[in-house]
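One line per chain: the protein sequences are A and B, in this order. Mapping of the first sequence onto the working numbering: position 20 corresponds to residue 20, and the numbering continues sequentially without gaps. Mapping of the second sequence onto the working numbering: position 91 corresponds to residue 91, and the numbering continues sequentially without gaps.
It is possible that part of the hints are untrue.
[What the hints assert, rightly or not] Facing chain B, according to a computed beta carbon distance under 8 angstroms, are these residues of chain A, among others:
no.: 1; residue: Trp64
no.: 2; residue: Tyr67
no.: 3; residue: Ser90
no.: 4; residue: Trp92
no.: 5; residue: Glu120
no.: 6; residue: Leu125
no.: 7; residue: Asn131
no.: 8; residue: Leu132
no.: 9; residue: Leu156
no.: 10; residue: Ile170
The hints are simulated quantities; they were obtained by calculation from the structure and are not laboratory data. Just so you know, these numbers come straight off a predicted model, no measurement behind them. Just so you know, even glycine gets a beta-carbon here, dropped at the ideal spot from N, CA and C.
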Amino acid sequence: MGAVINPGSWRLLIKSKRLTDPREQTFIDVIKSNQGLIQKVCFLYASDADERKDLFQEIVLQLWRSYSSFRGDSKISTWIYRIALNVAISGWRKRSRRVQPEALVEKHYNVHELPDEKEESIQNLYTAIRNLSDIERALMMLYLEDVPYEEIATTLGITQNNVRVRVNRIKEKLKGMMRYGK
Amino acid sequence: MENEELKKWWAEASAQGADWSERDIEEALRGKSKSVIDRMKKSLWLEIGLVQLSMVALAWIAYSTDPGPIQWLILLMLLCYLSIGVYFSVKMRMLVRFDFYRTDLHTNLRDLIANMEAFLRVYRISYRWSFGVFYALGLFTVYLERGSEKTLEFISSFQGIVFLVGFTSAVVAGLALERWYLNRLYGKHIANLRLLLNELAFDNESGSEPWLAK
Chain A
1 MGAVINPGSW RLLIKSKRLT DPREQTFIDV IKSNQGLIQK VCFLYASDAD ERKDLFQEIV
61 LQLWRSYSSF RGDSKISTWI YRIALNVAIS GWRKRSRRVQ PEALVEKHYN VHELPDEKEE
121 SIQNLYTAIR NLSDIERALM MLYLEDVPYE EIATTLGITQ NNVRVRVNRI KEKLKGMMRY
181 GK
Chain B
1 MENEELKKWW AEASAQGADW SERDIEEALR GKSKSVIDRM KKSLWLEIGL VQLSMVALAW
61 IAYSTDPGPI QWLILLMLLC YLSIGVYFSV KMRMLVRFDF YRTDLHTNLR DLIANMEAFL
121 RVYRISYRWS FGVFYALGLF TVYLERGSEK TLEFISSFQG IVFLVGFTSA VVAGLALERW
181 YLNRLYGKHI ANLRLLLNEL AFDNESGSEP WLAK
């Protein structure tokens, strides 16, 4: 008489098979080693923990869907930025539109463990960036991440000259916002 | 505030973020997508399900009704429903072929808007047609039930006028409701996407000069 496998065992079997899929494990390793990039996009575009979890899931899912077509023509970080920003800006509906930047910084970054002066600067920086438009936020994040202008242009689909001009304008805007604490 | 200082603060703030574990990533992979296109696919499947249910209900009514004009009318409606298969396949093809996210942000926005607008057009045209057919069939039923002489009599009576006004209003209200629903579902999202595209494509300070890479 053959062994009886109950539905629970089947689920475990399927799950373990999925987890041992080498392609999936490689993908998880890629995400783990680049999760900082995804985190930053989530923190900039989601307003609370639930929304952040949703956005993270959506980005990971879309990265996984296009993972098979990633040929390594561009850097892995460029590929991740491109998909993560596309999802955050255009392909995903937020639950709520407005965010409280101060709360976001306090809750998700342990700024209280930093010296007071730094804490204030970081708070101000995040508050200011969160007050930018979605497109400006993307530009500023890529700039602050030291992504070359050429790559920023490729990711956003605009010219390098446009990137340069806009980054300068946004920097001025940020400086003004941080100076007046807006 | 210098650029380097700005970048330093950014790096310090970013370094404080909480990590997602391997388990979190695995859970995210097993989760369901909430993207706009996936939601559209889900609502299409829901629509297919509802149409199939109503086809079964109509077939049951046709089976349990005595042979006569109403039965023929229901069979005619079922035949109309069969043509809906074409409409569903057009919509599904539009959604499946749309492979977004892999391009740059500008191309992605442009394609997303174009695809969603085309999808909405198919939606609106098909609903207008189906409401039109429904209206015509409704009037045809009145004719089948009464014959030509009694139909004329009915239409000129107070009851008949009330029926015509009520039926026409119901169809017009249905169309308005469909328009409102589609606008609520996709209209605002398309408008937001268009704003984003405009912001990305045009330089606001120097006029309307496009600054695109392509």
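Now the hints, each set against the structure:
1. For tryptophan 64(A), the suggested interface contact is upheld, since its CB lies about 6 angstroms from the closest CB of chain B, less than 8 angstroms.
2. Here the hint on tyrosine 67(A) is broken, as its CB sits about 10 angstroms from the closest CB of chain B, past 8 angstroms.
3. Look at serine 90(A): its Cβ gets to within about 5 angstroms of chain B, closer than 8 angstroms, so that hint holds up.
4. At a threshold of 8 angstroms, the smallest CB-CB gap from tryptophan 92(A) to chain B is about 6 angstroms, leaving the interface hint in force.
5. Interface restraint check for glutamate 120(A): the shortest CB-CB distance to chain B comes to about 10 angstroms, outside 8 angstroms, so the restraint is violated.
6. The beta carbon of leucine 125(A) comes within 5 angstroms of a beta carbon in chain B, closer than 8 angstroms, and the hint placing it at the interface holds.
7. Interface hint status for asparagine 131(A): violated, as the beta-carbon distance to the closest one in chain B is roughly 15 angstroms, over 8 angstroms.
8. Taking 8 angstroms as the C-beta cut-off, the interface hint given for leucine 132(A) is violated, the closest approach to chain B being about 11 angstroms.
9. Nearest Cβ of chain B to the Cβ of leucine 156(A): about 5 angstroms, under the 8 angstroms cut. The hint holds.
10. Proximity of isoleucine 170(A) to chain B is violated relative to the hint, the smallest CB-CB distance being about 11 angstroms (cut-off 8 angstroms).
The earlier numbered hints that this structure contradicts are 2, 5, 7, 8, 10.
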